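> Using the numbering used here, you'd call the opening residue of the sequence shown number 1 and step up by one each time.
By construction, these hints were calculated from the structure, which means they are not laboratory data. The structure presented is a predicted model; accordingly, all values stated were derived computationally and were not measured. Where a beta carbon is used, it is the ideal one built from N, C-alpha and C, also for glycine. Watch out, some of these pointers could steer you wrong.
[Claimed, not checked] Computed list of lysine-lysine pairs in DSS-like fashion (alpha-carbon distance at most 27 Å, straight line): (1) Lys85 <-> Lys63; (2) Lys86 <-> Lys31; (3) Lys85 <-> Lys59; (4) Lys102 <-> Lys63; (5) Lys34 <-> Lys59; (6) Lys11 <-> Lys31; (7) Lys34 <-> Lys12; (8) Lys66 <-> Lys31; (9) Lys66 <-> Lys102; (10) Lys102 <-> Lys86; (11) Lys66 <-> Lys86; (12) Lys130 <-> Lys86; (13) Lys12 <-> Lys31; (14) Lys9 <-> Lys54; (15) Lys125 <-> Lys102; (16) Lys54 <-> Lys31; (17) Lys130 <-> Lys85; (18) Lys66 <-> Lys125; (19) Lys11 <-> Lys59; (20) Lys54 <-> Lys86; (21) Lys86 <-> Lys9.
[Said to hold, decoys possible] If you anchor each label on the Cβ, the simulated ranges turn out as follows: (22) Val81 <-> Glu5: 30 to 36 Å; (23) Arg84 <-> Gly106: 15 to 21 Å; (24) Glu108 <-> Gln2: 51 to 57 Å; (25) Lys12 <-> Pro67: 44 to 50 Å.
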Amino acid sequence: MQLHEFRVKGKKRRRVARGGKRGTYSGRGQKGQKSRAGRRMRPAFRDLLIRLPKRRGFKNRPKSQKPVIMNVGDLAEFAGVLDRKKLVAIGIIPSRSTRSIKLLAGGEIRHAITVRGIEVSNSAKMKIEKAGGTVEG
Numbered sequence: 001m002q003l004h005e006f007r008v009k010g011k012k013r014r015r016v017a018r019g020g021k022r023g024t025y026s027g028r029g030q031k032g033q034k035s036r037a038g039r040r041m042r043p044a045f046r047d048l049l050i051r052l053p054k055r056r057g058f059k060n061r062p063k064s065q066k067p068v069i070m071n072v073g074d075l076a077e078f079a080g081v082l083d084r085k086k087l088v089a090i091g092i093i094p095s096r097s098t099r100s101i102k103l104l105a106g107g108e109i110r111h112a113i114t115v116r117g118i119e120v121s122n123s124a125k126m127k128i129e130k131a132g133g134t135v136e137g
């Protein structure tokens, strides 16, 4: 348990006093420090927690990046061979990007294109081949 992991649960404050319709002890239990008037207990570990650094521990970050997702309709106006270099030259993806590219089947394509070195979904592959194009691994 770290300081940054505490979550305050919001709930109504219970008013405890004389005539409070809660019986003999009014929700305070029986004897002890918490049952007295003017009670205030600080957690014994609070000062220790304040001295600890806030962010620690194992961070499970994904080792692989999510691919850049594109639709077939985005490439409908381009003809010829489409690979990573061509997409960078056109300006569709940034030149410094190391993420992989995945082509999905959104949109329509009416002319043949050849796709090289780009991941392609099955439905996108069917659309490209139906238009007379090819998909090369």
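> Look at each hint and say if it fits the structure.
Here is how each hint holds up against the structure:
1. Distance check on the hinted pair: Lys85 and Lys63 sit about 25 Å apart at the alpha-carbon level, within 27 Å; holds.
2. Restraint check for Lys86 and Lys31: not satisfied, since their Cα atoms lie roughly 79 Å apart, outside the 27 Å limit.
3. Simply put, Lys85 and Lys59 have alpha-carbon atoms about 34 Å apart, too far for the 27 Å limit, and the pair is violated.
4. For a cut-off of 27 Å, the pair hint linking Lys102 to Lys63 stands: about 18 Å separates their Cα positions.
5. For the suggested pair Lys34 and Lys59, the alpha carbons sit about 39 Å apart, so the restraint of at most 27 Å is broken.
6. Simply put, Lys11 and Lys31 have alpha-carbon atoms about 25 Å apart, close enough for the 27 Å limit, and the pair holds.
7. With a C-alpha separation of about 19 Å, the suggested pair Lys34 and Lys12 falls inside the 27 Å cut-off, and the hint holds.
8. For the suggested pair Lys66 and Lys31, the alpha carbons sit about 60 Å apart, so the restraint of at most 27 Å is broken.
9. About 10 Å separates the Cα atoms of Lys66 and Lys102, which keeps this hinted pair within 27 Å; it holds.
10. Of the supplied pair hints, the one linking Lys102 and Lys86 holds, its CA atoms being roughly 15 Å apart against a limit of 27 Å.
11. A C-alpha spacing of about 21 Å is found between Lys66 and Lys86, which places the hinted pair at or below 27 Å, so the restraint holds.
12. Our distance criterion of 27 Å between C-alpha atoms is met by Lys130 and Lys86, whose separation comes to about 22 Å.
13. Using a Cα cut-off of 27 Å, the hinted pair Lys12 and Lys31 holds, with the two alpha carbons roughly 25 Å apart.
14. Between Lys9 and Lys54 the alpha-carbon distance is near 20 Å, which keeps this suggested pair within the 27 Å criterion.
15. For the suggested pair Lys125 and Lys102, the alpha carbons sit about 11 Å apart, so the restraint of at most 27 Å is met.
16. Taking the CA atoms of Lys54 and Lys31, the gap is near 37 Å; set against the 27 Å cutoff, the hint is violated.
17. Of the supplied pair hints, the one linking Lys130 and Lys85 holds, its CA atoms being roughly 25 Å apart against a limit of 27 Å.
18. Simply put, Lys66 and Lys125 have alpha-carbon atoms about 20 Å apart, close enough for the 27 Å limit, and the pair holds.
19. For the given pair, Lys11 sits about 32 Å from Lys59 by alpha-carbon distance, which is inconsistent with the 27 Å threshold.
20. For the hint pairing Lys54 with Lys86, the CA-to-CA distance comes to about 46 Å; that exceeds 27 Å, so the pair is violated.
21. Simply put, Lys86 and Lys9 have alpha-carbon atoms about 54 Å apart, too far for the 27 Å limit, and the pair is violated.
22. Between Val81 and Glu5 the beta carbon distance is about 52 Å. The supplied range of 30 to 36 Å is therefore violated.
23. Checking the proposed 15 to 21 Å range against Arg84 and Gly106 shows it holds: the Cβ atoms sit about 20 Å from each other.
24. In this structure the hint that Glu108 and Gln2 lie 51 to 57 Å apart at CB holds, the actual value being about 52 Å.
25. Look at Lys12 against Pro67: about 48 Å separates their beta carbons, and that is inside 44 to 50 Å.
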